[in-house]
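Enquirer: Knowing the structure of chain W, use the given hints to seat chain S on it.
Chain by chain, the residues run as shown.
Number of protein chains: 2
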Amino acid sequence: MKKYVYAFHEGSADMKSLLGGKGSNLAEMTNIGLPVPGGYTVTTEACMEYYEKDNAIWDELLQQIDKKQMELEEEMSKKLGDPSNPLLVSVRSGAAVSMPGMMDTILNLGLNDETVEGMAEITNNPRFAYDSYRRLIQMFSDVVLEIPKYKFDTLLESKKRDKGMKSDTDLTTEDLKELVEAFKGVVKKEKGSAFPQDPKEQLMMAVEAVFKSWNNPRARVYRDHHDIPHRMGTAVNVQVMVFGNMGDDSGTGVAFTRNPSTGENKLYGEFLMNAQGEDVVAGIRTPRDIEELKNILPEAYHQFSEVARSLELHYRDMQDIEFTIDSGKLYMLQTRTGKRTANAAIQIAVDMVEEKLITKEEAILRLNPNDLDQLLHPTFNEKALADASLITKGLPASSGAASGKIYFTPEDAVKANAAGERVILVRNETSPEDIEGMVASSGILTAKGGMTSHAAVVARGMGKCCVSGAGDLNINEAEKTMRIESDCYGEGDYISLDGNTGYVYSGLIETKDASLGGQFLKLMEWADDLRQLKVRTNADTPRDSAKAVEFGAEGIGLCRTEHMFFEDNRIFVMRRMILSRSVEDRKKALDQLMPMQKEDFVGIFKAMGSRPVTIRLLDPPLHEFLPSEKEDIEKLAKEMEVPFNRLKEIVFELKEVNPMLGHRGCRLAITYPEIYEMQIRAIMEAATELKQKENQEVIPEIMIPLVGEVNEFDYVKELAENVIREVLEDSGVEVPYLIGTMIEIPRATIVADEIAKGAEFFSFGTNDLTQMTYGFSRDDAGRFIKEYRDKGILEKDPFQQIDRKGVGELMEMAIERGRSTRPDIKLGICGEHGGEPNSVEFCHMIGLDYVSCSPFRVPIARLAAAQAAIKHS
Amino acid sequence: MKKYVYAFHEGSADMKSLLGGKGSNLAEMTNIGLPVPGGYTVTTEACMEYYEKDNAIWDELLQQIDKKQMELEEEMSKKLGDPSNPLLVSVRSGAAVSMPGMMDTILNLGLNDETVEGMAEITNNPRFAYDSYRRLIQMFSDVVLEIPKYKFDTLLESKKRDKGMKSDTDLTTEDLKELVEAFKGVVKKEKGSAFPQDPKEQLMMAVEAVFKSWNNPRARVYRDHHDIPHRMGTAVNVQVMVFGNMGDDSGTGVAFTRNPSTGENKLYGEFLMNAQGEDVVAGIRTPRDIEELKNILPEAYHQFSEVARSLELHYRDMQDIEFTIDSGKLYMLQTRTGKRTANAAIQIAVDMVEEKLITKEEAILRLNPNDLDQLLHPTFNEKALADASLITKGLPASSGAASGKIYFTPEDAVKANAAGERVILVRNETSPEDIEGMVASSGILTAKGGMTSHAAVVARGMGKCCVSGAGDLNINEAEKTMRIESDCYGEGDYISLDGNTGYVYSGLIETKDASLGGQFLKLMEWADDLRQLKVRTNADTPRDSAKAVEFGAEGIGLCRTEHMFFEDNRIFVMRRMILSRSVEDRKKALDQLMPMQKEDFVGIFKAMGSRPVTIRLLDPPLHEFLPSEKEDIEKLAKEMEVPFNRLKEIVFELKEVNPMLGHRGCRLAITYPEIYEMQIRAIMEAATELKQKENQEVIPEIMIPLVGEVNEFDYVKELAENVIREVLEDSGVEVPYLIGTMIEIPRATIVADEIAKGAEFFSFGTNDLTQMTYGFSRDDAGRFIKEYRDKGILEKDPFQQIDRKGVGELMEMAIERGRSTRPDIKLGICGEHGGEPNSVEFCHMIGLDYVSCSPFRVPIARLAAAQAAIKHS
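Line by line, the protein sequences give chains W and S.
Counting in this note's numbering, the first sequence runs from 1276 upward without gaps.
Counting in this note's numbering, the second sequence runs from 1276 upward without gaps.
Bound-form chain W, shown alone (with noise of 0.2 Å):
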């Protein structure tokens, strides 16, 4: 016969998945010794065998539990409903993962019209026993019967108002006596039956009232959003009642063993004396500092103290602690984890090795790497952000706050950017044409894209907030509008976005700039004494580079090439050298270009100094750089001085009906080789005359991208070594140099071992990948993979998590043929997931040599791979 309910001594903290945290931990904290009230916990197993027994409580299920009320009255000596002794007890819900979102708590379970009397006698307190019944039928009616709450507090505030009182403890036994009639006369106006009063009957309607509650909505939401699994349950715990409302040697509060805002190593936390506890959480009296109990109820404090110092020596990790104090005697009621900022958990970390509490590796193992992302990036203010309006949700595509006035074309966010404001661009999706426009504002917001669109990947290399595919947009560019249903806001409105969370706020929210401290530095350094992977950094420009480096990059594992064209200056000769008919009119806008690229590699090779770094040669279908408006075409039919409709059969002749599958990559190289030629040429000659006039060591790695055939990397190849040669024997010094691929096509993977034998290295271009392995266009992907993740198709969004078992079986594939020909390959990621946690622990199992990704992203990857390290040792 399966076990479904334990008694708190029966159990341990390591079985939580059975108990829950909140069960598991009061079992532990029982056995340690510590003064928690009895009780018993039902399993999250009978949680989740009620759903499938079509929401019922079974015959089993009932006899476990009367059982261990049983034993749990012959302990206290006391009995639920005996008016002449009465147990009472609290119910609460407690899964696996904590959990905001179920039923909380039900406190003194078992009064009713005959025990309240008992209760009053006993204890000589019929004001405190008033005070428990009428808690009790609140609470109750709240989370079980679903009556609204506001309909008891209305009567509790009309009562203190008639009466002229300020606070709860104001009320006297006659006032309590006469509420908690009027309370029961709600229960029976609203349910048409009166407040139950067996307190078996309440016992058990409690218990599935929590069972019920692991499914209710915002449970759920809270799951999906945090990718908690719909099919663990919660447990339910029973406990005896203590009781902070027995007067004024009573209390109960909440305490952290360290600031949880800031990691100070100090306790924090708050209380309210002659309380239960949701008072101090419903914030009807304001609680006060824990350091005041000291003062009040020195022994109790100091046992507190005592017990919050021993409870974090035996987790070992800072503790959140729920307590009661019942007529001056301390009972610990709960204690878990505490949440805490990234700030504190860094500071606490850091200070817990340095306490020889815990190790490094632990230390390390215990942070979220995401959450360094909030350590790098602007933040709103708090108490502005908790007036703010939030106004429509999209994807937190890129970390950091951004407030600012909306502005709906890159002209015109250029222009006021220039006049000082601060801008939020807001389009239905951007272009490689709007990257000026990116660069003026503060924030992106887009109606379209997923969290790899442009406006995403473009917005994380910069590390500019961006939420993208804000689906209920409806962004009117001619108007200069944007409409959310039925508002509306223009140009120069004022916007807020939150790359975090995905939300917009209307108005201004007031920002906070991020920090790093030396403990954040401390703590890098040990996860870069621990970690095998390298990691790089993407970055195009200068700027990028030298925030990389300062962010612990160690070289660039991607640079393209294509932004670098997009400049006011450079687009234009572009645009000649693509509109080219014949080989000799696009050299000649080539040899245009030439020394353009050439200074944007000196000044990147300059930023890295003699690290490595890794160029991308032009990726983009040509198309990209062409305008695609009539406008914009007659005005460079104009410029060009060729006749409009012959320009505009060119830009459609471009033109491709799947773009990400179309003429790009080393393909554009094969048709026009003298493109790759000016771009290796810039890349050889800038590392040349860096080596010549200052001495500098460059190493240029030269990647072909988008290479499916080995005759393609061949061509290349070839090609580019002729480029290399000349440029070489022309300046007469040497420069290392190494040329390798892409590897992002599902063939590639396939024929890795025939490329290998030219190519030097391998970058797994997982975006690309990730798209032709599932047949997924990110650009359009996002309209399904929501709904494809809420039908439990995908558990992970591919494009944000490598997908190990399909694109990750062709990475490994790649390797293992790769290094058949190469054992000595040089192997890396340049994808978005090169930042992703999950992807660089996959990145350092498969051994690859490093990972790349975009500046912000770095402390994240350099933590992650230590992580992945230590797990994998």
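Treat each hint with caution, since some may be false.
Stated by the list, open to error - Listed next, the stretches of chain W that the computed footprint assigns to chain S, with coverage defined by at least 3 CB atoms under 8 Å from CB atoms of chain S: (1) 1941 to 1948; (2) 1980 to 1991; (3) 2013 to 2023; (4) 2048 to 2062; (5) 2078 to 2092.
If you're looking for bench data, these hints aren't it; they were derived computationally from the structure.
Source: prediction; values computed, not measured.
Note that CB positions come from ideal geometry on N, CA and C, so glycine has one too.
Expert: Positioned in the frame of chain W, the structure of chain S alone reads:
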């Protein structure tokens, strides 16, 4: 030391790659004792080394040629350049593969001002000597010195005109002497130096000219077109001259051992008396039927027909033979396997089996499956074609010939067809909306799109002629004009398309219909006995299905359901369904579509009888069904009573950046389950109705497209089974059915083991699988695939022939893994490759159960499957 030169008696027929076709056959004929003038062959390896050595003849080769030349002179007791006893030779090219475009022949080499006198004396025939000399100068100048041929022809013609002569044979010795002088003058004038008098120099120049001709542009184009590698080289044959121009008992001719056009078993050829080989080809005199030789030189004729018969027996195939009669004596100058029409190929193969000359297996292996295509489609009348004017060239997207009036819109095409016109539909590219226009047309011409574009795929399915991607076309639909450079064609102008070559002609060209003879049926019967692969068809209509059954299809491997929704009365309901904003509205529209779908399936099931029918559920993204032009949206908005702007917005929202990788296939079913539910209901109700009313057994195979993750498959399968259960219970009859999936997403091949747990069959969708494995969009890749093939990056277009190394390996992986969880899983292919012989062979090798292809390719697949079974038995 490498042997570069072989005497004829040193070679044999199996040394074709080294000695070329001509050389190896001359060796073979020498060895079996036929009358072949002596000579030697310079190898193809020598030719390739010549290119490697920067186009220079090297000493060793020179010495080897000298040596063989000396041996030949000894054998013949004549010497090259000996005025008293001159040896004359012919120099001819001969690659391993028969290939027009290269230098062909130089006869009479060895003549100069001195030896011509010697020849005149020895033969006592000065007219012959000078005729030979003027021929040498003419041919040598043309092919070695590259002096335009007409410069000599005009001199010859004016000489005949001056003298009032009709034929070359009327020229006197004096005339010929004068011509020789005049010809030498031309050489001097054109080249600045005299016609080379040293016979050795003549010989080496001729050998080099043959080498060079391997790489002339015509030869390269021919090889590209016929997929012949460029790295083979040509051999050079040097052979003692015999003279068909020695007088009235001399002559020369060409004959086939059987009729190459009809296959009739009877000598077929022509000859000229007193002539040399090039006269037959040049058409200066009209050659006579070989039969006539019987009367003129009965003995030579008799001997020739004996030799012809023995050559056919020796080579066991129809031969194409060149011969010369020198003063009554027969000499064999060449034999090779004769080219023949598809009709003749079948006739000859079947006849030879019946003559017990070859086995059925050999007969089948000798046919090129692709040639069958000619037999199934109309072709141009050859004479009419000869006068036609070629205006441009596109891709040979779908076989057959079509001639008709140009129409630019599907609506105009439908109207014109209804009015009895023959229509050629001319479009930039077609879309599913154009279907009715395509049905109404005799042929389709598009400016964009490749071999697997919408136009190409649909046309092949219909067996309709299509030329796609004719890039020179400049179509203006608004003006209803089509320009090719400066020429302009309007609506109603006649053009003609050749779907076998991709050629487009102006004007009307007569076509002749296809007809299939009894021999064809006999051969296909043999093929069916031998093959292991089943052959199904891709068909979406009862008409196509019936056609396919006629061509031998054993089931439907792919019935696409999307085309069914484009009919006029349906598209409106379909659009309403797509534009529904609630599940209820969508269901209402689907309820209207259901009976129509059911009717479709009843029709197809009836046409297929008890053969299995695989139905693919809706696959394309929904926006394909929506109008894209402003006017069409306006019209629809009016019909639907929806505001124009709202409709435009929805259409815009549904638009995708990369539709190929977008919201389509089973992804639709996961967001809109009711669509597939309707389709599955329609399929099963059609099947149960036929079973009930007509007692017809139907085996529907329900195919889920675009699965990449097992949860997708399981979700749709469950949905399907619920509907099926309902339909079967309601009808009370049993219908056997299968549920399976397309394997077309690379990830599906990796997780095939998981998918196969639920899937009863896999059908490889190699079109999409190729797109995603290579990262090529088939709509766009046409632009660079040509360049890839030109530059040797890709040997084959992977959309035409399965890429065994990449896509093939994924298929093998899917099969292995699929069988690991379901050993008896049914395996097929329904991509375009299913009708391509090389791919069919691969399907046989990896153990598929069937291939499926468009109706008109079913016979090709049957033959290819038989060939594969024979080759791999």
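Enquirer: Kindly indicate which numbered hints from before are broken by the structure, ordering the numbers from low to high.
Expert: none
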